[in-house]
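Keeping the supplied structure of chain Y fixed, place chain L upon it in accordance with the hints.
Protein chains: 2
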Amino acid sequence: MLGLMQNWPLTVDKILDHAKAWHGDREVVSRSVEGPIVRTTYAQIHERAKRVSNALKALGVGPGDRVATLAWNTGRHVEAWYGIMGMGAVCHTLNPRLFAEQLCYIVNHAEDKVLLTDLTFLPVLLENRAKMPTVKHVVVLTDADGMKGVNFPGALCYETLVEQASADCEWGGFDENTAAGLCYTSGTTGNPKGVLYSHRSNFLHTIITMGRDVMDLSATETVLPVVPMFHANAWGLALSCPAAGAKLVMPGAKLDGASVHELIESEGVTFSAAVPTVWQMLLTHLRETNGKLTTLKRVVIGGSAVPEAIVRGFRDEYGVDVTHAWGMTELSPLGTIAAPTAAIAAMDDEAQLRSKLKQGRPPLGIEMKLVNDAEERLPHDGTTFGKLKVKGPFVVGEYFKSEGGQILDEDGFFDTGDVATIDDQGFMQITDRAKDVIKSGGEWISSIEIENIAMGHPKAANAAVIGALHPKWDERPVLLVKLREGVEATKDEFLAFLEGKIAKWWTPDDVVFVDDIPLGATGKIDKKLIRERMKDYVLPTTKAKESA
Amino acid sequence: MLGLMQNWPLTVDKILDHAKAWHGDREVVSRSVEGPIVRTTYAQIHERAKRVSNALKALGVGPGDRVATLAWNTGRHVEAWYGIMGMGAVCHTLNPRLFAEQLCYIVNHAEDKVLLTDLTFLPVLLENRAKMPTVKHVVVLTDADGMKGVNFPGALCYETLVEQASADCEWGGFDENTAAGLCYTSGTTGNPKGVLYSHRSNFLHTIITMGRDVMDLSATETVLPVVPMFHANAWGLALSCPAAGAKLVMPGAKLDGASVHELIESEGVTFSAAVPTVWQMLLTHLRETNGKLTTLKRVVIGGSAVPEAIVRGFRDEYGVDVTHAWGMTELSPLGTIAAPTAAIAAMDDEAQLRSKLKQGRPPLGIEMKLVNDAEERLPHDGTTFGKLKVKGPFVVGEYFKSEGGQILDEDGFFDTGDVATIDDQGFMQITDRAKDVIKSGGEWISSIEIENIAMGHPKAANAAVIGALHPKWDERPVLLVKLREGVEATKDEFLAFLEGKIAKWWTPDDVVFVDDIPLGATGKIDKKLIRERMKDYVLPTTKAKESA
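As given, the protein sequences belong to chains Y and L, one line each in that order.
Residues 1 to 548 in the working numbering are what the first sequence lists, from first letter to last.
Residues 549 to 1096 in the working numbering are what the second sequence lists, from first letter to last.
By construction, these hints were calculated from the structure, which means they are not laboratory data.
Since the structure is predicted, the reported quantities are computational estimates derived from the model, not experimental observations.
Don't take each hint at face value.
As the list claims (entries may be wrong) - Just some of the chain Y residues that point at chain L, by a computed CB distance under 7 Å:
| id | residue |
| --- | --- |
| 1 | L196 |
| 2 | A345 |
| 3 | M347 |
| 4 | T541 |
Said to hold, decoys possible - Listed next, the stretches of chain Y that the computed footprint assigns to chain L, with coverage defined by at least 3 CB atoms under 8 Å from CB atoms of chain L:
| id | segment |
| --- | --- |
| 5 | 198-209 |
| 6 | 335-341 |
Every residue gets a Cβ at the ideal spot worked out from N, C-alpha and C, and that includes glycine.
Next up, chain Y with everything else stripped away, as it sits in the complex (with noise of 0.2 Å):
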C-alpha cells in the first residue's frame, strides 16, 4: 500500500523559487571577475536565471544537453546553474585548474554544447577552441562593456543574451532523477571520470547540509563560499544558501588573504567554507596587517586535512570555531563532519581539538563502513585502518558513460579509496589514500599523519611522504620537505621533531630537502608527481645495506 501524500518531485529549480518566494530581497554580493563589486538579490536571480534558461533553449539547448561553466564564484555563475537545471539541460562544472589537455578530454567527453567563461579564462579556451568541436557556443559572463576586449570568434555576451531572453519559463516538470549536474574528479590515475548528478541527490544534499550538526545554514547567516563551484560543488553552498535564506557573499576571482579578508568584513560574513589554504592565507595576511574579523564566527575546512595550527590559530586569536569536514566530488560532495557529539561537547578545549582534528561523523543520508581487504568490518577503536566505503542518495552509483564500470560492492558501496580509522564517537579520521599508504613489514604507515606533523615544524613551508622500496621491509617512509624561505634545516632536526608524536617504526628512514611540494589540480599534494620525481632514489638504509 502507498502513501497519499503529494508526489512533489525534488528538483533543484524548487529551492530558487523558494528563495525568491520567501528571502526574495536577500543579497547575493559577489566581488564580479571585472573588478567591482555587483549586488543582486534572489528574486533578482530568479528572474535572471529564467533568463538564461531561454537564452539556453535559443542557443539549441534542450533536456539532458551539458552545458559546461569555467567560472569563478559569482552571482552570474548562481544564475548559470539554476538556469540550466531548472530547464533540464546539465550543468557541467569544469575546473580551470586543470591542464588544458585535460579540459579538452572533459569538454569531449561530456560532449558540451554551449561553455559559459569567464573573461579570465578566454586565453586556455582560444588556443584549444579547435579541440573542443562538440561546443557550439562560447558565452562570456560579461556584459557588452566587458566584452570590449573580447578577441574570441563567435565569442557570445551573458548580458546581452539574458537581456534579450524573456523571464517567461517553466523549470521543472520532470522526474526528480534527472540529471542536473556533472562534475569531474581529477583523476590521479587513468582518465577523469564523470559524476553525474541528479535533481534528487542535489535536492537530499541541500537539505541535508543545512542541519545543524551539518552545515548549520540559517537565514540570519552571512556565507562566503571560497570553496570554488567548479570544486565539488562550493560545497552545495550556491543550493544551501538560498534554501536557508542566507546571504551569499562570492569572492570571485580573488581568493588571496587580503581579499577575502576585505569581503568577510565588509559584508559581515558570518561563516565561510575553503580549503586548508585559503585559511593559511587569511591568517598570514592577519597577523601581518594586524587585522581583525568582527563578524565571522565559523569556517567549515575541506578538501585535505586540517592542520592543528589553522584550529588553533583561528580560536585563540580570532575567536573563530574550525569545523572539519570531508568530502569528493562523488559525494555530492559531503561524507562527514566534525560536529561533536555530546560527549565530545562536554570534554575541555584541548581534547575537543583532537577531535576538530579528525574528519568526523557522517549526517543521516551517508552510510560509512571501514573494511579490511577481505571487506570484513573493522572495529571503530579509532586505531585500526582500513578502506573507506560509503552509500547513499548522494553517493555515486556510476560514472558518466560507465567509464569504470561497476564500481560499488556486492552491498551497493562505494569505495572512497581513502583509509581511515573511525573511533568510538564514530568519527571518522583519514589516514591515507589507500594507494599512498605505505606497506612496510605487512602493516600500514599513514603518510599524511607524518606529514601533517611534519608541516607543524617551524621551519617548514610544506612536507610530504612517499614509500620508498626497500628490500626487507617492501616499502620504507620518506619524509620530503620544503623549507621556509631563507631558512635551513637538518635531516635530524625534522627527526627529532617526529619522536614521540608517532610510532617509532614509522619514523622516516630518510629526510630530502625540495624545492617544490608539487599540487594537482584540487590543492592537494600530488603524489604520483612525487613519486615520478622520485623514481630513481635509493633510501640510505638501503645503500648502507648495499655497501655493507
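Same frame as chain Y, now just chain L:
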C-alpha cells in the same frame, strides 16, 4: 537523461539504522506508564524494534496492514513505531482523548489488525472491544508484572512477545512511497479523516525539520517531546531525534507541571516541544515552587497560538527562548516556524517578540499561498487576510480511502482551513479558522486575535470569541470569558481591556461569563460545542433594536 547517483530509497528504518550505527549509546529515557524511569539506548531500541517486527509477523501482520498504537510517549512506543514501519506495515496512532465512539469509528475505518495499548487505556478498550471486529490482537505495552492486574480477554504482553521474537529481521527494501503511518484528523466537521504518510514523506519531514531554522536538532541536544506521538506525530521528534543522535526524554502519561519540570531537570533537557497548555502548567508550577530551569534553552510551541504571557514568562523569568510553530496532521505536521530572518534578528527584543507571536515562515519543502475566495493571491503585507493553502512532499494528497474526495486545488495546493496573514518578513499569522472567522458587514474579524488578547486579562482563565447573528451586520463578535477561581469582573472591565488593542469595529457586542470553555481532543477550544451551547443566545445589540 537520468542522473547516476545511487538508488537509496528514503525509508524510515534507515533513520534508526543510522542512530544505532553512529549514536548507539545515546540514551532514550522514559517515564514509564507503570511509574519508574526506564533507560534504554538507540542500539537497544533498534534491536527490540526488530523483535517487534517479528512478533507482529507472528501475529499475522503483513506489509500494508494497519497496526494501531494507543499509547503515551515512551521508548516502547518508539520501538513499536519503527518495528511496524520497518517491516512495511502502517503505524496508526490513535488519540486517546477522542470519544470512544470516534475511536471505534477510526479503528474500524482503518481496519486495524493489531492494537498496541498502554495500561491506561484498557478500560475504554474493554468496554468497546466488541465494536472493533477487525482488531485480531490487543497487545499491552507492559511486562509480565504489569500484566498481573490486567483483566482483558486475549490481551498479549508486549515484553513477552519482544523477548520471544528473533531480532533477525530485514527492514525496508520497498518503494519509498510505501505507506508508513496513519493519523486521523480530529474532524470538527464530519467524520475523522485519515492521513496516510509514506516513508518518503516521513523521511523528508525528518531531514527538513532537523535544520537550524526549524527544530535545530543536534547530537548535543537532550529533547523532551511533550507533544504526543498520537498528536501530529510528536512533531516528528521520534524520527528526527534518532536521526540527529539527540538524547530523547519521554514523559509517559504525566504532563503536569511538576512531572515535566522534574524530568527536565533530572535528565538535563535542553529543548522541548508542546502545546501552550503544557507550558502554562509548567510556568504556574515553577512560580508556585520557585523552581528553576537550569538546562532548558528553548521550547517550540505549536498546536494553538502562543499567548504573549508565555513567551515573556519563559524569556524574562527563565531565560528560555520560545519558538512558535504551526502545523497540522495533514502536514506531517510542520508548516511554518517563527525562526527569525536576518532583519528580525537585528530588531530589539520587543520588536522580535511581535514576530515570535506569529506562526512564522515555511522551510524549503512547504509551498504556501494566501488567496481570496476567487483564488487570487493576496499580498504579504501583514494585514490582508486570506485562505492559507500549502503544497509539498509531506502535505496530504488525498485522505485515506478517498474520504472527502479531491482535496487539492488546480495547482495542487491543500486548503488548510485556516485564515491568515503573511507579513513582509514572510511570517504567517493564523487569524482564524475559516469556519470561525466572523463575517461582519462584508469584512472579516478574527475571533482568535480577540480571544488571545482577552486571555491576557489578569482575571481571565480562558476566553473564546464566536460570531452571533446580527440583523444588520450578519455577525458580530461575542466574547465568552471563564474567570479565574474566586475573582469577579464586569463586562466593561474586559471591553476596556480590549480598547486600543483591536480595531474599534472589532469590539465584541457582548461579554458573557461562563463556567467552562470546552476544549476538543487536541486541546484547542471547541467552538462547535460553544456555538451549540450558545444557539439560543441573542445579542444585546439585537435585543436593544428589537425592543426599540
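Whether chain L covers the segment 198-209 of chain Y (at least 3 residues having a Cβ closer than 8 Å to its Cβ atoms):
holds (count 8)
Hint status (Cβ of Y:M347 to nearest Cβ of chain L, threshold 7 Å):
violated (12 Å)
Chain L contact restraint for Y:A345 - C-beta distance below 7 Å
holds (5 Å)
Closer than 7 Å between Cβ atoms is the bar; does Y:T541 clear it against chain L? Give me holds or violated.
With a closest approach of 43 Å, the Y:T541 hint is violated.
Please check whether the segment 335-341 of chain Y has three or more residues whose CB lies within less than 8 Å of a CB on chain L.
Contact hint for the segment 335-341 of chain Y vs chain L: holds, 3 residues under 8 Å.
A closest beta-carbon separation below 7 Å is what the hint needs, so does Y:L196 meet it against chain L?
Holds. Min distance 4 Å.
Of the numbered hints stated above, those contradicted by the structure are hints 3 and 4, listed in ascending order.
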